[in-house]
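Colleague: Respectively, the protein sequence lines represent chains F and L.
Residues in the first sequence are numbered from 1 upward in steps of one, following my numbering.
Residues in the second sequence are numbered from 1 upward in steps of one, following my numbering.
Since the hints were made in silico from the structure, they are not lab data.
From the three backbone atoms N, C-alpha and C, an ideal C-beta is built for every residue, glycine too.
Where hints are given, some of them may not hold.
Said to hold, decoys possible - Listed below are several chain L residues computed to face chain F (Cβ distance under 8 Å; list not exhaustive):
no., residue
1, Arg107
2, Asn119
3, Ser128
4, Thr234
5, Leu236
6, Ala238
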Amino acid sequence: MLIDLTLCMGCNACQAACKEENHLSPNEEKNLSLTAYTALNKYSDVYVRRLCQHCDVPTCVSVCPVGALVKQGDGPVAYDADKCIGCRYCLQACPYHVPKYEWSSTKPRIQKCRFCAPRLAKGQLPACAEACPVGATLFGDRDELLLEAARRLGAEPTKYVPRIYGKDDVGGTSMFYLSSVPFEQLGFDSRLGRVPLPMLTMSALSKVPNVLSVGGVVLGGIWWITNRRTEVAAFEAAEKKGETPRPEEKP
Amino acid sequence: MKLRLLPRITGWQAISTTLILAGTLAAIARFTYGLGATTNLTDEFPWGLWIGFDFLGIGLAASGFTIVAAVNIFHAKEYEPIVRPAILTAFIGYLLVVLVLIIDLGRPDHFWHPLVMWNPHSVMCEISWCLMLYTSVLSLEFAPIILEKVKITWPIKWIHAISLPLMIVGVLLSTLHQSSFGSLYLIVPNRLHALWYTPLLPVLFFISCIASGIAMILLESLILSRGGRELLSTHLRANLAKIIAITLAVYFVVRVEDLLARGALHELTTLTYYSVAFYTELLVGFVVPFALLLSDRIRTSRLGLYSATLMVLAGFAFNRMNTAITGLEVYPTQTYFPSLIEIFIMLGITALGFTVFSYVVKYLPIFEAVEEAGPQVQQEAATGRPEPIYLTRDDGGMESS
Ligand code: SF4
Ligand code: SF4
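This is chain F alone, in the form it adopts within the complex (with noise of 0.2 Å):
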């Protein structure tokens, strides 16, 4: 989905249309929260729309040790409330905080934008792409609105900071924003960098294999040579004594 801050004029439908088709309860949210799958914070006169930005390698994927999170082909971030063993590894993780706990249950699920995935699995709209009434939240296929983002920011250069947030940002993300205000001034942490965050993680995981595989070995040989040097000892010893050694018996 495309997000052109410049348009959005806080109208919230977005978020009222959200909560008809997830059920929940209709009231005016101003963060995102478990009744609240987007929401919109207001920075002086600038308008900016919050959901799970369904990223294109996700953080909170790579972190669910049971696979409850799972990106699909089309997008959508999708959430198995059945697996879920509520470690809140991805609240901790996603760089958005999008992720939110359902702390005062005592069977807690985790609450976050699902991309419409039964609408457009039906070749419908995600409910709040239909209801923006100027079509500041616009959803198509990723590399069109990409191109569409492009051609907004050359022919009006002065209306647009010259950046399309969510092209590579965390290594790519499902929402693209575009704004006439710097980024960092609109809660957007400009600590995250392009590096997908899972990469992070990868470089100490993908040592796992060598340390077992090298450590057994290493170890197995220290273990051999000094048992071997323990064993010639007490034979020295034992000779010295001119007896012979008890047979060694391996621990």
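Position chain L with the ligands relative to chain F; hints supplied.
Modeller: For chain L with the ligands alone, coordinates are given in the frame of chain F:
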């Protein structure tokens, strides 16, 4: 030895029973009312005291693999007397950590899911596997002690037969998950404070757990050597202390080099909440004990070792809690302080650990080798202790004969 210890323990017994009861009540509350009502965890601060406790528990239990490796793989047989205490410490430590993890999970009834639903990209998944496997290894390493006691000897032979691969696997698994606890935070560069976030987290976690594990077992051997009987000679204790000192030095160098390389040193030039936390951790846990342990006099004195190891452990605790809590307070610009229930559960579980330890020590031959002080220990040690030496002795086990 035990008899003389008993009166001292009773005061503790009252306290620990109270703590265990309080912890049980707190745990019941946690399961009845859910995490939200009983903890101070929030969407902004989803991990708190309990995760810090897990880090601590695992770190203190690191003796399980360092000592086993030293004695049985590197053949430093002179440390044989502390192998069993080390395994026991590790075993209890791991069981407690697993218990805390299950309490911490939102869906404890799903705790087994990581074993059947894999996600090879997840550090958490790797840790679950390592914890499970290593706890099994520990239980196998521990089993002979129980089996000897109940005089069922046939499985011991089997365990002995696989003991070498078992130990190697144990050491490898430990290396993996000790460092992986650090890797957990690799993915939050935007949340964790620059003084703690570094790509070297796994390496640093690993180095420091060696120091803390050995410090823990050294402290234990000091405490349990009271009453005239020495678990380890002064000389061996001094050697262990030397190893701790070296590890601390390595840690310090890597840590500071890393701060330099990442240009994070400037964080230390001003006095902030974070820099104070950092200084405390580094001074108490690393610099001062290192300086202390440099001196021969300290290494050979009980009091010196007591204070040095306690400092190492305190600094270690600071370090893990800082990584798990303090360092993460940057992002939400909100502080987290554990709720009473969180604290009681943690204290209760700690008390449980100590109680179990003291009972096991009382009824199982953990400090057997001590009784045999002298050349025979060396003999038995070198031959891998084929026969339980106390089967001929009365059931008291711990009473010297
Ligand atoms: S924004 Fe967060 S929750 Fe959404 S896909 Fe990305 S990492 Fe996952
Ligand atoms: S809380 Fe659930 S969905 Fe999130 S990482 Fe843990 S198991 Fe996965």
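Colleague: The structure should be examined with respect to each hint, and the outcome stated for every one.
Modeller: A quick look at each hint next to the structure:
1. Arg107: At about 4 Å, which falls below the 8 Å cut-off, the nearest Cβ of chain F leaves the hint on Arg107 (chain L) intact, so it holds.
2. Asn119: At about 4 Å, which falls below the 8 Å cut-off, the nearest Cβ of chain F leaves the hint on Asn119 (chain L) intact, so it holds.
3. Ser128: Check passed: Cβ of Ser128 (chain L) comes within 6 Å of chain F, closer than 8 Å.
4. Thr234: Result: violated, 24 Å to nearest chain F Cβ.
5. Leu236: Violated, about 17 Å.
6. Ala238: violated (22 Å)
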